[in-house]
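Using the sequences and the hints given, assemble the complete structure.
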Amino acid sequence: MRSRDGNHSFSRRLCAIILFSSLALNASEFLVSYRYMVKDAILYNESLFVSKSMRKCHGTPHDGLILESDGGNNLKKIISNNSDEFISYVHKLGLDLNHKETNVNYQNSSTTILTLKTTCFKVDFNDNFARISPLK
Amino acid sequence: MKHSLILAVLLGVSTFAADQVAQATPTLAQIPAQPSSIKVVCPNGNCSQTSEVQKVEVVNPIELAQRSKVQDDDTLEENANLRIGVVGQGVAPMNTDSPAQAYALAKRAAVADAYRLIAEKVKGVRIEGDDLIKNMMVKRSTVRTTVSAMIRNANVVETTFKDGLCEVEMEITLSHADFAR
Numbered sequence: 001m002r003s004r005d006g007n008h009s010f011s012r013r014l015c016a017i018i019l020f021s022s023l024a025l026n027a028s029e030f031l032v033s034y035r036y037m038v039k040d041a042i043l044y045n046e047s048l049f050v051s052k053s054m055r056k057c058h059g060t061p062h063d064g065l066i067l068e069s070d071g072g073n074n075l076k077k078i079i080s081n082n083s084d085e086f087i088s089y090v091h092k093l094g095l096d097l098n099h100k101e102t103n104v105n106y107q108n109s110s111t112t113i114l115t116l117k118t119t120c121f122k123v124d125f126n127d128n129f130a131r132i133s134p135l136k
Numbered sequence: 001m002k003h004s005l006i007l008a009v010l011l012g013v014s015t016f017a018a019d020q021v022a023q024a025t026p027t028l029a030q031i032p033a034q035p036s037s038i039k040v041v042c043p044n045g046n047c048s049q050t051s052e053v054q055k056v057e058v059v060n061p062i063e064l065a066q067r068s069k070v071q072d073d074d075t076l077e078e079n080a081n082l083r084i085g086v087v088g089q090g091v092a093p094m095n096t097d098s099p100a101q102a103y104a105l106a107k108r109a110a111v112a113d114a115y116r117l118i119a120e121k122v123k124g125v126r127i128e129g130d131d132l133i134k135n136m137m138v139k140r141s142t143v144r145t146t147v148s149a150m151i152r153n154a155n156v157v158e159t160t161f162k163d164g165l166c167e168v169e170m171e172i173t174l175s176h177a178d179f180a181r
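The listed protein sequences derive, respectively, from chains A and B.
Taking the numbering used here, the leading residue of the first sequence gets 1, the next gets one more, and so forth.
Taking the numbering used here, the leading residue of the second sequence gets 1, the next gets one more, and so forth.
Quick caveat, the hints were computed from the structure, so don't treat them as lab data.
Worth double-checking, as some hints may not be accurate.
[To be verified] The calculated lysine-lysine pairs, modelled on DSBU-like cross-linking and capped at a C-alpha distance of 35 angstroms, are:
{"hint": "1", "chain 1": "A", "residue 1": "K122", "chain 2": "A", "residue 2": "K39"}
{"hint": "2", "chain 1": "A", "residue 1": "K39", "chain 2": "B", "residue 2": "K134"}
{"hint": "3", "chain 1": "A", "residue 1": "K92", "chain 2": "A", "residue 2": "K117"}
{"hint": "4", "chain 1": "B", "residue 1": "K162", "chain 2": "B", "residue 2": "K134"}
{"hint": "5", "chain 1": "B", "residue 1": "K139", "chain 2": "A", "residue 2": "K100"}
{"hint": "6", "chain 1": "A", "residue 1": "K76", "chain 2": "B", "residue 2": "K139"}
{"hint": "7", "chain 1": "A", "residue 1": "K122", "chain 2": "B", "residue 2": "K123"}
{"hint": "8", "chain 1": "A", "residue 1": "K76", "chain 2": "A", "residue 2": "K52"}
Dropping the structure here:
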């Protein structure tokens, strides 16, 4: 039977659903891809793409990395500020390598592309650091 | 006529003798690889032990060459890891703001080169070549090589940077289980 003040149990359930769904809205899951190109032994191009995941990623977090941060939630900025750590970490995760070399009339030119394929990372933002862990 | 008959007989005898020699001489592959015993005697004859017996293994030289060839190759055994080490090189661009930036960029290029060398060793290289010949002359000679691989768990051992050239020594340890999946 409905009381005059409203259905408390229903509103409580609704609030709980909203709370849990907001926690589970994948706000801390990011899709990251990284790629750089080396042309004739000189670094030519580098690109990093970071996006919030719009669907829940599957898998369990593995081998996390702690990056220093100033408390913000901008993952791309945090990664850019800690690029050396991130790149050495990415090398451990594994990169796809694509190398092409052409020799025309004894003149050589080469292009090497290293790519981190789009990977879902679980990210925990804290006051002084952010912890990123790939989901596998 | 008489001379030709004598010549024919001589030729027949010589070919028969040559066949006999060829049958008597064993080839290297036919040498039995069995251990034999030899007797070593003191040269002046006044040793306390007058003689001792030593076992000597007679090895076919062809087999020995094949065995050493197999040992020289980098092969991945089932119960032993294989370490592959390479040195990649990278060059700093001309228009850098600081030596630190030049170092960072050259190192990135050197790491990519080291990865490529590892991939070449582990997976191999695909090679295509074209030669254009016109009026009996080579007009254009083209060689294209491609490498494609996925590499993980490679470690940087040492990095050196001198005169704008960065060298990165990198190693990877392969185990049989990595390929058995």
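Indices of hints not satisfied (ascending): Failing hints, ascending: 4 and 6.
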